[in-house]
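> Sequence:
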Amino acid sequence: MMYSMLNIGGLALGMAAFMFIIQYVAYENGYDTFHVNHKNLYRITYTNTLLKDGTSKNSATAPPRIAPFMKEMMPEVKGFTRVKHYPGLVVSHNGVKFREDDVLMVDPDFLKIFTFPMLSGDPKTALNEIRTIVISETTAKKYFNDQSPLGQTIAIDGNEDFKVTGVIKDAPANSHLKFDFLISYETIKWWSEGEAETSWWSNEYYQYVLLHPNTKAQAFVKRFQKLFVRERGKVNQAVGQKQEFQLQPITDVHLHSKMDQELNPDQQGDGESVHFLTLIAFFILLIACINYINLFTARAIERAKEVGVRKTVGARRFELIGQFMIEAFVMGFLSLFLSIGIVSLGLSYFNVLTSSSLTLSFLTEPDFWKNLIACFMLGTFTAGLYPAFALSSYRPSTVLKGKFSAFGSAIMIRRSLVVFQFAASVIMIAGTMLVYLQLHHMRTADIGFDMSHVMVVRGPGVTEDELTPAYQAHTAAFINTLLNYTEIKAATGGSFVPGKEIQEGILVRQRDDVNSEYKFVQNAWINYEYFETLDIRFLAGRDFRRGLSGDTACAILNESAVYALGFTSVEDAIGRTISLNGGQMFTLIGVAENFNQMSVHRDVKPIFFSLYAMYSPFYLVRFEKGTQSSVIEKVRSEYVKVHTRDPFDYFFLDEFFNLQYHKEQRFSRVFILFAIFAVIVSCLGLFGLSSFMTLQRAKEIGIRKVLGANLFVISYLLTKEFIILVGIANIVAWPFIYYIMDSWLSNFTIRVSIGPSVFLASGFIVLLIAVLTVGLKTVMAAKTNPVNALRND
7 MMYSMLNIGG LALGMAAFMF IIQYVAYENG YDTFHVNHKN LYRITYTNTL
57 LKDGTSKNSA TAPPRIAPFM KEMMPEVKGF TRVKHYPGLV VSHNGVKFRE
107 DDVLMVDPDF LKIFTFPMLS GDPKTALNEI RTIVISETTA KKYFNDQSPL
157 GQTIAIDGNE DFKVTGVIKD APANSHLKFD FLISYETIKW WSEGEAETSW
207 WSNEYYQYVL LHPNTKAQAF VKRFQKLFVR ERGKVNQAVG QKQEFQLQPI
257 TDVHLHSKMD QELNPDQQGD GESVHFLTLI AFFILLIACI NYINLFTARA
307 IERAKEVGVR KTVGARRFEL IGQFMIEAFV MGFLSLFLSI GIVSLGLSYF
357 NVLTSSSLTL SFLTEPDFWK NLIACFMLGT FTAGLYPAFA LSSYRPSTVL
407 KGKFSAFGSA IMIRRSLVVF QFAASVIMIA GTMLVYLQLH HMRTADIGFD
457 MSHVMVVRGP GVTEDELTPA YQAHTAAFIN TLLNYTEIKA ATGGSFVPGK
507 EIQEGILVRQ RDDVNSEYKF VQNAWINYEY FETLDIRFLA GRDFRRGLSG
557 DTACAILNES AVYALGFTSV EDAIGRTISL NGGQMFTLIG VAENFNQMSV
607 HRDVKPIFFS LYAMYSPFYL VRFEKGTQSS VIEKVRSEYV KVHTRDPFDY
657 FFLDEFFNLQ YHKEQRFSRV FILFAIFAVI VSCLGLFGLS SFMTLQRAKE
707 IGIRKVLGAN LFVISYLLTK EFIILVGIAN IVAWPFIYYI MDSWLSNFTI
757 RVSIGPSVFL ASGFIVLLIA VLTVGLKTVM AAKTNPVNAL RND
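Taking the working numbering, the leading residue of the sequence shown gets 7, the next gets one more, and so forth.
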């Protein structure tokens, strides 16, 4: 009975782990597949290359003229929509006021080519006019409670009223497009005075096209590129650049896109990790099947006499094979239903762990049952096949005389399977260690600035004219007032914070070098003491200084920009003049040390810093350790005095920056969970196998005890085979560990090294687990009274 329970329990855990992972993988792979037209929907991606030096920028956004031009020139285009993201808008209605980040401006066809059902309003006309807006179901309850929002108005930035023309169902969790507000594209065309319709350069628009069925995307792109060169080739040649466009299937955006300017970069998935988890799922299921084979073949001697008796009374071989296969399938079905129970009970906890939204609806899907039953039949058949044929081949005369011993092939197969099981455990444990070490390394590595104890306050969304002296005075007054508090060590403002992609770029070159070419660099404007607040070190020169009016015509570069522009050293750059492609001149006064503006997945980009103290989208406040609560209240108090029409919103820089590692953290949690699953399943099999081996060797143990063998000798005798198998498993596993984890770590610019300590530690842990699992049973057997084992002889 114990062996059957161990078999059923091990199989159930393996199947449950398999179902958890496969559903999670299906969820990740299922992003954006809910759109009716998903097979023919594509996002336009954009590559801009400088012809002189070949440097290029790959972006998820493209100039706004591209999609309409594509529709005009290519009959395969059925429809298109452009999407402009407007984060940080302040929205209010009847005193209810919030800062909203999920605001999109979209073409009317957005509601046609995507499958986002409207709950009220007409999708054909809802976004046709200036200052019309469609809101999500959740947003409607947030601002209007139980009232109908249709026809009512909401204010944006405190001074523009938008008419609500529709309520749309909340976007599914597995959509890469997340939104609470959809504003008509006519509005942005009006705001930009037509530039949002006609520009070939402004690179801020996500664009999607719906192609007619059976259109070959690659052939389509080649034809379009030729038409584009015919239209814009001479202009691009004159300015020294090349513009290229690709079509990315919408179902690839979540898992397989690593471009600049992604819409929600902290929510991007990782296709490689998802593929890796799929392999883990089959690993665990295979380990569970191995447990079954090991236990079934180990019981061959115990059931040999049963087979001999049944053959003597006339049982034929195919009947015995049928009996053992039926046993295998019955145990498999019991394990299957137990595993469904485990999944049902644990799904909510799994969703919390993985930040996903899985439901039990998959249990009603015919495809799930087809695939599961297919895997179950294959796995159970494979698990039961060898034991069934091995057991049914025993010779009755040999067995009934007590001269039977296990087949050498059965022992070798069992040992081979145990080695595989141990090797898989070593790989899982080593992988878990390396994932943890890499995440810890990313969090603790020197990234060039200090993000601890820094509070970031969102700047005003309800803006006054930022050129007026009164508004400039508000910004300066807020920062200066904060510096009066002893808990606050530094305060500043800027257009960006680490962890937020700098999307604005400019072309820069050395003014004095007539042979130098313009280089693309990121453009950031900051207030005084920005570098001091973040503790960013200077390699040469100085920071911007209050009271020096000439600093508005000065600039600071990071080290990467210095060498990108061709300076021989950081000292060589100080005092030199650089020219922007618009004609502006800046004197370089400082070079800041490189710091990771974004996660360690990305290389450090060249950055150009200019002084702009008039307006700050973000305020940064460094405070003393242990004063967090009081600082929040004091900053809030000062903020509402200055920005009277804005909500007070803040976050902490370390938490915000580490959001970029959300997918790695989620992957590590899933990996660790199922590594534990794999080890538990292996332990169940080892415990069952060692239990059976000690039972078979009970007489030997009894004789050795009578002859004076002590506990240590007997324990070593029974565990030494497993110790040898663990050693072999380590030798087998180590090359796989290096190959797999080196491939995963290659995604990071800052990474840990795979040293011998990881291999040794994972091998020792598996050895310890095996010794404890096997040793527990052998010690119990060694302590039994030898009389009990020998009384029948």
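Think of the hints as simulated: they come from the structure by calculation, not from any bench.
A virtual CB, placed ideally from N, CA and C, is assigned to each residue, including glycine.
Some clues are possibly wrong.
[To be verified] Derived DEER-like restraints, expressed as beta-carbon distance ranges:
| # | residue 1 | residue 2 | range |
| --- | --- | --- | --- |
| 1 | 354 | 752 | 50 to 56 Å |
| 2 | 125 | 374 | 25 to 31 Å |
| 3 | 354 | 143 | 36 to 42 Å |
| 4 | 244 | 572 | 20 to 26 Å |
| 5 | 343 | 741 | 34 to 40 Å |
| 6 | 578 | 553 | 26 to 32 Å |
| 7 | 169 | 543 | 36 to 42 Å |
[As the list claims (entries may be wrong)] The calculated lysine-lysine pairs, modelled on DSS-like cross-linking and capped at a C-alpha distance of 27 Å, are:
| # | residue 1 | residue 2 |
| --- | --- | --- |
| 8 | 84 | 195 |
| 9 | 647 | 495 |
| 10 | 169 | 147 |
| 11 | 506 | 264 |
| 12 | 147 | 184 |
| 13 | 184 | 130 |
| 14 | 58 | 195 |
| 15 | 506 | 640 |
| 16 | 506 | 184 |
| 17 | 240 | 63 |
| 18 | 118 | 58 |
> All hints, please: hold or fail.
Status of each hint after checking the structure:
With their beta carbons about 35 Å apart, residue 354 and residue 752 fall outside the hinted range of 50 to 56 Å. Between residue 125 and residue 374 the C-beta distance comes to about 30 Å, which sits within the given range of 25 to 31 Å. Between residue 354 and residue 143 the beta carbons are some 23 Å apart, a value that contradicts the proposed interval 36 to 42 Å. Remark: the range hint 20 to 26 Å for residue 244 to residue 572 is upheld by a beta-carbon distance near 23 Å.
Hint check: residue 343 to residue 741, Cβ distance near 39 Å, so the stated range 34 to 40 Å holds. Taking 26 to 32 Å as the suggested C-beta distance range, the pair residue 578 and residue 553 conforms, at roughly 28 Å. Separation of residue 169 from residue 543 is about 52 Å and departs from the stated range, judged on CB atoms against 36 to 42 Å. For the hint linking residue 84 to residue 195, the alpha-carbon distance of about 22 Å falls within 27 Å, and the restraint holds.
A hinted pair counts as satisfied when its Cα atoms are at most 27 Å apart, and residue 647 with residue 495 qualifies at roughly 21 Å. Between residue 169 and residue 147, the direct Cα distance comes to roughly 16 Å. Compliance with the 27 Å bound is thereby established for this hinted pair. For the given pair, residue 506 sits about 15 Å from residue 264 by alpha-carbon distance, which is consistent with the 27 Å threshold. With a CA separation close to 17 Å, the supplied pair residue 147 and residue 184 stays within the 27 Å bound.
Distance check on the hinted pair: residue 184 and residue 130 sit about 21 Å apart at the alpha-carbon level, within 27 Å; holds. Distance restraint check for residue 58 and residue 195: the Cα-Cα separation of roughly 34 Å exceeds the 27 Å cut-off, and the hinted pair is therefore not satisfied. Restraint check: the Cα-Cα separation between residue 506 and residue 640 comes to about 26 Å, which is no more than 27 Å; the hinted pair holds. Taken as a hint, the residue 506 and residue 184 pair is honoured in the structure, with Cα atoms around 18 Å apart against an allowance of 27 Å.
For a cut-off of 27 Å, the pair hint linking residue 240 to residue 63 stands: about 20 Å separates their Cα positions. Between residue 118 and residue 58 the alpha-carbon distance is near 42 Å, which puts this suggested pair outside the 27 Å criterion.
Hint compliance for this structure: hints 1, 3, 7, 14, 18 are not met, and every other hint is.
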